[in-house]
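A.B. asks: Line by line, the protein sequences give chains V, B, H and U. For the first sequence, my numbering begins at 1 and goes up steadily by one. For the second sequence, my numbering begins at 1 and goes up steadily by one. For the third sequence, my numbering begins at 1 and goes up steadily by one. For the fourth sequence, my numbering begins at 1 and goes up steadily by one.
Derived from the structure by calculation, the hints contain no laboratory data. The structure presented is a predicted model; accordingly, all values stated were derived computationally and were not measured. C-beta: ideal position from N, C-alpha, C; glycine also. A portion of the hints provided could be inaccurate.
[Said to hold, decoys possible] A few chain V positions that, by computed beta-carbon distances, are all more than 12 Å from chain B:
1. 13
2. 82
3. 107
4. 150
5. 181
[To be verified] Restricting the straight-line Cα-Cα distance to at most 20 Å, the calculated cross-link-like pairs of lysine to aspartate or glutamate (EDC-like) are:
6. V:11 / U:279
7. V:145 / B:101
8. V:8 / U:279
9. H:278 / B:101
10. H:20 / B:125
11. U:11 / V:164
12. V:10 / U:101
13. V:10 / U:309
14. V:5 / U:279
15. U:10 / V:163
16. B:145 / B:101
17. H:11 / B:125
18. U:11 / V:105
19. U:10 / V:17
20. B:112 / V:280
21. U:11 / V:280
22. U:2 / V:309
23. U:112 / H:280
24. U:11 / V:125
25. H:41 / H:201
26. H:8 / B:101
27. U:41 / U:201
28. U:5 / V:163
29. H:5 / B:17
30. U:8 / V:163
31. B:5 / H:95
32. B:11 / H:95
33. H:11 / B:17
34. V:146 / B:201
35. B:2 / H:308
Residues per chain, in single letters:
Protein chains: 4
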Amino acid sequence: MKIVKDFKWKKGLRAGELVKELGSVGFQGVELGKATNAVIKMKKHGAKIYLTFTSNMMTSGLRGFFAQIIKLQIPHIVVTTVGGIEEDIMKSMGEDFIVGDFNADDVELHEKGCNRIGNLYITNESYCKFEDKMAPLLSKLYEKKKIWAVSEMLAEIGKNLDDENSVLYQAAKNNVPIFCPAITDGAFGFHLYMFQQKHPDFIVDVVKDFKNIVNTSSFDDKKGLIALGGGVSKHHAILAGLLTGGFEYAVYMTTSRHTSGSMSGATTKEAKSWGKVKDDSDIVTVIGDVTINFPLMMISVLEQLDKEELL
Amino acid sequence: MKIVKDFKWKKGLRAGELVKELGSVGFQGVELGKATNAVIKMKKHGAKIYLTFTSNMMTSGLRGFFAQIIKLQIPHIVVTTVGGIEEDIMKSMGEDFIVGDFNADDVELHEKGCNRIGNLYITNESYCKFEDKMAPLLSKLYEKKKIWAVSEMLAEIGKNLDDENSVLYQAAKNNVPIFCPAITDGAFGFHLYMFQQKHPDFIVDVVKDFKNIVNTSSFDDKKGLIALGGGVSKHHAILAGLLTGGFEYAVYMTTSRHTSGSMSGATTKEAKSWGKVKDDSDIVTVIGDVTINFPLMMISVLEQLDKEELL
Amino acid sequence: MKIVKDFKWKKGLRAGELVKELGSVGFQGVELGKATNAVIKMKKHGAKIYLTFTSNMMTSGLRGFFAQIIKLQIPHIVVTTVGGIEEDIMKSMGEDFIVGDFNADDVELHEKGCNRIGNLYITNESYCKFEDKMAPLLSKLYEKKKIWAVSEMLAEIGKNLDDENSVLYQAAKNNVPIFCPAITDGAFGFHLYMFQQKHPDFIVDVVKDFKNIVNTSSFDDKKGLIALGGGVSKHHAILAGLLTGGFEYAVYMTTSRHTSGSMSGATTKEAKSWGKVKDDSDIVTVIGDVTINFPLMMISVLEQLDKEELL
Amino acid sequence: MKIVKDFKWKKGLRAGELVKELGSVGFQGVELGKATNAVIKMKKHGAKIYLTFTSNMMTSGLRGFFAQIIKLQIPHIVVTTVGGIEEDIMKSMGEDFIVGDFNADDVELHEKGCNRIGNLYITNESYCKFEDKMAPLLSKLYEKKKIWAVSEMLAEIGKNLDDENSVLYQAAKNNVPIFCPAITDGAFGFHLYMFQQKHPDFIVDVVKDFKNIVNTSSFDDKKGLIALGGGVSKHHAILAGLLTGGFEYAVYMTTSRHTSGSMSGATTKEAKSWGKVKDDSDIVTVIGDVTINFPLMMISVLEQLDKEELL
């Protein structure tokens with residue numbers, strides 16, 4: 001039986017230690033503590049780890065952290081949406097995103113060429129730069145072959161970037177496949193379409209990529225899932241895991257609620273009814289903003305793995 | 001200046017009238033009233049209307065209502081996710097979904113072969129029936145041609161169903177294209193993959209479908225958006241509208257919040273910064289469960305259009 | 001076993017019928033249907049009904065509806081917070097509240113003397129009028145006696161109002177006590193304080209009112225709770241019910257979530273651990289905006305009771 | 001112009017440093033960073049600081065942290081609800097609360113005498129111990145005088161406790177008044193009522209305590225507000241501040257949303273329309289669980305103040 005412990009600040013408290021203490025404080029602090037333990041188990045038990053996140057997290061400064069943990073070989077498979085891929089490429093070209101305001105005047109922003117994502121802004125110029133990059137990149141790909149599975153395409157693009165903080169770069173370098181089931185749903189899609197207009201035999205083969213994600217794991221693998229936010233990236237990883245027997249470990253971090261029956265709000269508990277996670281799996285749902293909760297949890301994981309020389 | 005009016009029940013009050021009264025009650029009731037007006041304007045001003053919804057809404061009984069409003073020619077373009085398409089097909093085969101409980105024992109449900117989506121259940125049998133249907137359907141498609149854009153494929157499937165309450169059936173019959181940018185993200189994707197294993201030249205061309213959705217509207221069209229829930233379906237319609245000049249009208253219904261910078265929670269206000277909706281557009285965000293708010297709003301719209309003989 | 005039914009609009013659909021149909025649609029529609037049934041049972045089984053709501057619902061046009069159902073003898077006990085009492089008095093003096101905008105410029109509103117509550121505004125003038133009313137009212141009360149329990153005070157004020165749409169007026173007229181455990185937490189509290197400065201023997205006895213609320217029910221009564229929103233009004237009714245054996249029926253309507261351990265988000269399920277509701281009680285939690293969900297549910301209840309000549 | 005910075009973990013990262021970095025990451029991380037700065041300003045500019053929290057935070061291990069920051073003289077005024085006061089007393093008597101599960105079986109818990117608050121449990125025994133304490137405590141108070149303002153009563157109780165981690169103890173010791181506008185809304189209220197049955201001249205004077213809270217600040221004071229969660233504790237501090245000219249600084253931490261017009265979800269922006277915060281005030285609303293966000297923010301504040309020898 002675990003007892004609630006009164007939290008006390010001690011000077012110089014490390015972030016990793018704080019998370020441990022929060023595990024005895026209550027409410028989402030407790031869930032955060034459990035999530036940390038679940039991820040540590042994934043690593044110790046040699047699980048294949050799927051990391052999923054939505055585009056807005058790549059807009060945020062979590063992007064560099066994702067790149068870092070890919071380099072540290074925490075996740076083995078990444079699933080995301082295309083907006084984030086675009087932004088990773090923009091940032092790898094030196095583009096900066098702006099810290100702004102949730103309550104900004106949006107008409108004014110529009111006039112200034114600033115596109116708002118919560119309290120962050122991306123300028124039109126960044127999209128223009130992205131466009132300049134895409135045309136030659138697609139030509140290069142096309143020269144190699146005509147039909148591309150999405151994850152192959154993203155690996156190839158990653159090889160063409162040169163930025164330690166880039167998710168695509170680190171994933172390519174460390175042989176971590178990136179899946180993106182709705183690859184056309186963004187500016188990227190527009191450039192694919194423009195390119196296909198000129199090269200009608202250029203094909204993005206999404207069905208083949210389904211095979212690829214299913215083949216990343218076998219029934220014999222232990223599997224772990226870290227799903228940040230919801231939507232198609234979360235669902236796609238779950239589906240891939242389900243087709244090879246379900247997950248032994250799952251951590252969901254979300255702000256969505258389960259009460260509307262949405263995928264984004266679906267809990268790890270609900271996942272049991274589907275066999276998405278095993279009946280006796282180690283599962284945690286942490287409610288809250290990923291920009292705060294994910295670094296907290298993952299720092300605690302990394303410090304612990306480092307301490308045990310498992311990093 | 002609009003004044004808050006005390007709401008009073010009158011015997012036999014119609015649903016359409018209730019919504020009008022809620023427009024003067026306060027909070028989300030007011031937003032619901034505004035949303036009704038925005039959709040009526042879309043119709044009166046001849047806007048091209050994009051309707052987007054997530055899969056869980058097809059799980060629910062909104063599916064028949066979506067089919068009905070497609071038949072009534074309210075939306076001109078539909079964007080959704082593949083889970084809902086699967087479920088529309090299951091239901092058109094006579095499968096029933098079960099009204100259950102959010103707090104059900106999920107391990108028990110799993111043992112019984114019930115898959116939970118919030119407080120609704122789909123049995124494994126329904127998925128098996130779906131599988132039986134898919135194999136011959138894909139063969140039939142393959143005989144016609146080898147390369148399919150998603151919306152063409154869904155139209156063809158719709159022609160093969162025979163159910164007045166089916167979204168695919170009504171959409172096919174009424175020439176309403178259905179877009180589904182992440183077509184592999186479900187059991188449907190699995191069946192596509194199995195089929196491609198045997199027929200390697202079978203291709204689903206998502207890039208071509210991007211062209212198709214962009215071409216549904218021109219810069220000259222007035223455009224309206226009704227986005228139910230978030231995720232890729234919402235974003236894809238917004239993107240298509242943006243590429244042809246942005247929306248004049250937009251109604252978002254969601255339970256997600258804007259505070260995490262997610263697409264699902266992004267408001268119509270944020271959309272202005274992107275030019276996704278025009279600076280002087282008619283926009284409303286209604287927070288709440290779509291199973292309640294969408295029928296309420298749409299009944300009010302339909303009653304009004306019917307009264308003015310515009311239906 | 002209940003089956004999901006495809007919803008179809010029929011011309012002239014009544015609000016009460018809609019709710020019944022939503023009960024087979026899914027997600028919160030289902031919970032709304034269950035809530036309707038729970039309230040009908042409360043009435044049929046002669047339960048003592050506690051109705052609680054937060055101040056913002058009195059700001060809204062629900063105020064007239066609360067007055068109406070008090071007149072119709074639906075609730076037997078009301079618990080609320082003092083802001084709503086102030087606003088009920090203002091409205092009974094002819095003051096109007098304004099339907100505004102969630103995104104209004106708040107500095108501008110402040111300059112105009114408009115106080116914002118979500119998308120509704122109350123002007124400073126309404127507060128001035130309230131002040132003019134309070135001084136003579138308190139003198140009148142003081143002449144009668146020096147020590148007042150809160151509910152006695154509110155009943156006396158209700159007798160001094162003359163507005164069919166007033167909650168205090170109807171409650172006084174129909175012998176429905178109104179409890180308000182934090183009576184000083186508003187402009188009302190300020191006026192009590194000013195009055196006490198001049199009349200130091202003027203006492204508001206909150207402890208006595210605790211006795212009063214406990215005595216509204218006995219262990220023998222069946223008890224039902226309709227809690228709209230959370231906070232102290234919800235908790236106070238629950239506490240009173242708990243002290244006389246717990247509720248047989250409970251409907252909570254809230255936008256708060258249970259994941260932070262707050263009273264506002266606490267579910268009817270959690271209430272079982274406390275004995276706040278009985279183990280085999282009829283309980284429902286409906287997530288969503290009360291301005292929409294409460295009228296919908298209650299109209300359905302009233303139509304059903306009327307049909308069975310129980311109104 | 002602030003730029004989004006890619007976050008990177010460095011071994012041994014301190015919690016205080018992490019918060020600084022999150023300020024450039026995005027979304028609620030940014031707001032947390034702003035909140036830290038606002039609280040540091042409050043201290044540096046000598047503001048009177050009001051700290052408000054709901055009862056569930058006292059159930060959690062934040063209780064010891066509240067006691068610690070009261071000892072460190074961060075807040076000058078505390079406003080809370082009575083459940084938390086009861087639990088502070090129980091814990092000071094050595095009672096332990098249990099870390100449990102949001103999805104526990106509530107009927108089973110009830111049978112075991114465990115009362116659930118989110119994922120924490122309080123046993124019936126703790127309530128019995130509390131009862132044993134209250135009777136002699138109230139007698140002791142009654143011997144001193146018959147009429148008590150709430151804050152005076154709580155200070156007196158604090159003096160009778162002996163626990164460094166107790167909020168009431170530290171508040172009494174450090175002359176920080178604790179206001180609790182709904183003092184009867186809990187087991188405490190029940191014991192007051194039992195005592196008054198035997199001693200009818202025992203009076204809790206809430207009106208006098210309104211005077212007390214208004215008098216804690218003057219128009220000349222700079223004022224800062226840290227409101228954790230919503231409800232009556234948040235509103236009461238705001239009201240007190242408003243009556244002496246409004247706050248210069250305000251940090252709200254909540255999981256509630258502004259879209260239903262509730263006090264709990266009301267933002268710092270809305271507060272401007274009321275003059276609750278000054279037009280040019282320094283205000284931040286952080287959305288998320290207080291058990292995580294409050295320690296993070298406050299650690300960052302304390303480390304900074306300590307570094308500048310202001311602690």
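A.B. asks: Would you mind marking each hint as holding or not holding in the structure?
C.D. replies: Here is how each hint holds up against the structure:
{"no.": "1", "hint": "13", "verdict": "26 Å, holds"}
{"no.": "2", "hint": "82", "verdict": "9 Å, violated"}
{"no.": "3", "hint": "107", "verdict": "5 Å, violated"}
{"no.": "4", "hint": "150", "verdict": "9 Å, violated"}
{"no.": "5", "hint": "181", "verdict": "4 Å, violated"}
{"no.": "6", "hint": "V:11 / U:279", "verdict": "36 Å, violated"}
{"no.": "7", "hint": "V:145 / B:101", "verdict": "51 Å, violated"}
{"no.": "8", "hint": "V:8 / U:279", "verdict": "35 Å, violated"}
{"no.": "9", "hint": "H:278 / B:101", "verdict": "19 Å, holds"}
{"no.": "10", "hint": "H:20 / B:125", "verdict": "28 Å, violated"}
{"no.": "11", "hint": "U:11 / V:164", "verdict": "18 Å, holds"}
{"no.": "12", "hint": "V:10 / U:101", "verdict": "28 Å, violated"}
{"no.": "13", "hint": "V:10 / U:309", "verdict": "16 Å, holds"}
{"no.": "14", "hint": "V:5 / U:279", "verdict": "40 Å, violated"}
{"no.": "15", "hint": "U:10 / V:163", "verdict": "19 Å, holds"}
{"no.": "16", "hint": "B:145 / B:101", "verdict": "44 Å, violated"}
{"no.": "17", "hint": "H:11 / B:125", "verdict": "36 Å, violated"}
{"no.": "18", "hint": "U:11 / V:105", "verdict": "40 Å, violated"}
{"no.": "19", "hint": "U:10 / V:17", "verdict": "14 Å, holds"}
{"no.": "20", "hint": "B:112 / V:280", "verdict": "16 Å, holds"}
{"no.": "21", "hint": "U:11 / V:280", "verdict": "34 Å, violated"}
{"no.": "22", "hint": "U:2 / V:309", "verdict": "37 Å, violated"}
{"no.": "23", "hint": "U:112 / H:280", "verdict": "16 Å, holds"}
{"no.": "24", "hint": "U:11 / V:125", "verdict": "36 Å, violated"}
{"no.": "25", "hint": "H:41 / H:201", "verdict": "46 Å, violated"}
{"no.": "26", "hint": "H:8 / B:101", "verdict": "24 Å, violated"}
{"no.": "27", "hint": "U:41 / U:201", "verdict": "46 Å, violated"}
{"no.": "28", "hint": "U:5 / V:163", "verdict": "14 Å, holds"}
{"no.": "29", "hint": "H:5 / B:17", "verdict": "24 Å, violated"}
{"no.": "30", "hint": "U:8 / V:163", "verdict": "14 Å, holds"}
{"no.": "31", "hint": "B:5 / H:95", "verdict": "11 Å, holds"}
{"no.": "32", "hint": "B:11 / H:95", "verdict": "28 Å, violated"}
{"no.": "33", "hint": "H:11 / B:17", "verdict": "12 Å, holds"}
{"no.": "34", "hint": "V:146 / B:201", "verdict": "13 Å, holds"}
{"no.": "35", "hint": "B:2 / H:308", "verdict": "38 Å, violated"}
The structure shown violates the earlier hints numbered 2, 3, 4, 5, 6, 7, 8, 10, 12, 14, 16, 17, 18, 21, 22, 24, 25, 26, 27, 29, 32, 35.
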